[in-house]
Amino acid sequence: DAGVIQSPRHEVTEMGQEVTLRCKPISGHDYLFWYRQTMMRGLELLIYFNNNVPIDDSGMPEDRFSAKMPNASFSTLKIQPSEPRDSAVYFCASILSGGRGEQFFGPGTRLTVL
Amino acid sequence: GEDVEQSLFLSVREGDSSVINCTYTDSSSTYLYWYKQEPGAGLQLLTYIFSNMDMKQDQRLTVLLNKKDKHLSLRIADTQTGDSAIYFCAPGSGAGSYQLTFGKGTKLSVIP
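In the order they appear, the protein sequences are chains A and B.
Sequential numbering of the first sequence, starting at 1, is according to my numbering.
Sequential numbering of the second sequence, starting at 1, is according to my numbering.
Any given hint could be a false lead.
[Stated by the list, open to error] Beta-carbon label-pair distances, calculated as ranges: (1) Gly40(B) x Thr76(A): 17 to 25 Å; (2) Asp30(A) x Lys68(B): 31 to 39 Å; (3) Thr81(B) x Asn51(A): 37 to 45 Å; (4) Ala2(A) x Arg13(B): 32 to 40 Å; (5) Arg9(A) x Ser97(B): 27 to 35 Å; (6) Lys68(A) x Gly40(B): 39 to 47 Å; (7) Lys68(B) x Lys68(A): 41 to 49 Å; (8) Lys67(B) x Thr112(A): 41 to 49 Å; (9) Ser28(B) x Val53(A): 21 to 29 Å.
[Unchecked claim] Below, a list of computed lysine-lysine pairs in the BS3-like style, where the Cα atoms sit at most 27 Å apart: (10) Lys104(B) x Lys78(A); (11) Lys24(A) x Lys67(B); (12) Lys70(B) x Lys56(B); (13) Lys68(B) x Lys36(B); (14) Lys104(B) x Lys56(B); (15) Lys56(B) x Lys24(A); (16) Lys36(B) x Lys67(B); (17) Lys24(A) x Lys78(A).
Simulated from the structure, these hints should not be mistaken for laboratory data.
Computed from a predicted model, the values in this text were never measured in an experiment.
Glycine included, C-beta positions come from ideal geometry on N, C-alpha and C.
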C-alpha cells in the first residue's frame, strides 16, 4: 500500500487566494483526520470524518476553512480566502477502526500564504 | 478537553539513554502512543502501550506508564544520531473514539 497520499507537498499562494489541499487515505480505512502543525500551537486537530461523514469540526478555525469527503478515497481541505496566518503544515491521517487506533499520517502539505 | 504536556527540548550524547516525559489529564485512554517526526516528514508511530500495562519494551525502546500520576515516558537506550527527531506523546481518547490529543513534541538532539 502506498500509505496516505497528500497533494500538493508545497503550496505558495498570495493572501486572498483559494487553496485546496488533497488527501487520499489508505484503502479500507474508515476514519480520516485533518491536522494543522505550527511552531506556536503544535499539532491541532481541525476535523475528522467517519465513513465520509464529518464527526467533529470544532477545530476548524473559522468559516474560511471547509472540508469535504465525497467518497472513501478522497478528501479536501479548502481555505477561502487564505491569510498569512494560515501558513502551516497540514497533515491528513487515516485509521482502520476496530484495531488499536494507530493513525497513519501523510507527508503533509506545507502551505505558505504571502 | 485533554491536555498533554511535554518538555520541548532534550539533548543527549550518542550512546547515552534518552528519556522523554509526558503528563496528560484524561484517564480514560485505552492506548497511549509515541510518535516520531523526522524533518520534513509526517508523524510515524514509534510504539504504544495498552492502558492496563505498566511497562512495554521493544528493542531499544521502553515505555513506562504511571496511570495514577498520568505520566508516560519513553526511554531510548543507546541513542543514535538517527534518533534525532521530534517525539510526540498522544494519549488516545476513551473507548469508541479514535481522536488523539498530541503534546507539542520534544525535539531530541543527539550529539555525536
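The hint says 41 to 49 Å between Lys68(B) and Lys68(A); measuring C-beta to C-beta, is that right? holds (43 Å)
Lys104(B) and Lys56(B): Cα distance at most 27 Å? Holds, at roughly 23 Å.
Taken at face value, is the distance from the CA of Lys24(A) to the CA of Lys56(B) at most 27 Å? violated (33 Å)
Going straight from one Cα to the other, do Lys104(B) and Lys78(A) come out at no more than 27 Å? holds (25 Å)
Check the following: the C-beta atoms of Asp30(A) and Lys68(B) are separated by a distance inside 31 to 39 Å. The hint (31 to 39 Å, Cβ to Cβ) holds, given that Asp30(A) and Lys68(B) are roughly 34 Å apart.
With 32 to 40 Å as the target window, see if Ala2(A) and Arg13(B) comply at their CB atoms. holds (38 Å)
Quick one: are Lys67(B) and Thr112(A) within 41 to 49 Å, going by C-beta? holds (42 Å)
Distance restraint between Lys68(B) and Lys36(B), which requires alpha-carbon spacing of 27 Å or less: holds (26 Å)
Between Lys24(A) and Lys78(A), is the straight-line Cα distance small enough, at 27 Å or below? Answer holds: Lys24(A) to Lys78(A) is near 15 Å, not above 27 Å.
Lys24(A) and Lys67(B) were given as a pair; does the straight-line alpha-carbon distance stay at or below 27 Å? Distance ~36 Å between Lys24(A) and Lys67(B) Cα, so the pair is violated.
Per the hint of 39 to 47 Å, is the separation of the Cβ atoms of Lys68(A) and Gly40(B) within bounds? violated (27 Å)
Given the hint that Lys36(B) pairs with Lys67(B), does the C-alpha gap stay at or below 27 Å? Given pair Lys36(B), Lys67(B) holds - Cα atoms ~22 Å apart, limit 27 Å.
The structure is inconsistent with the numbered hints 6, 11 and 15, although it conforms to all the rest.
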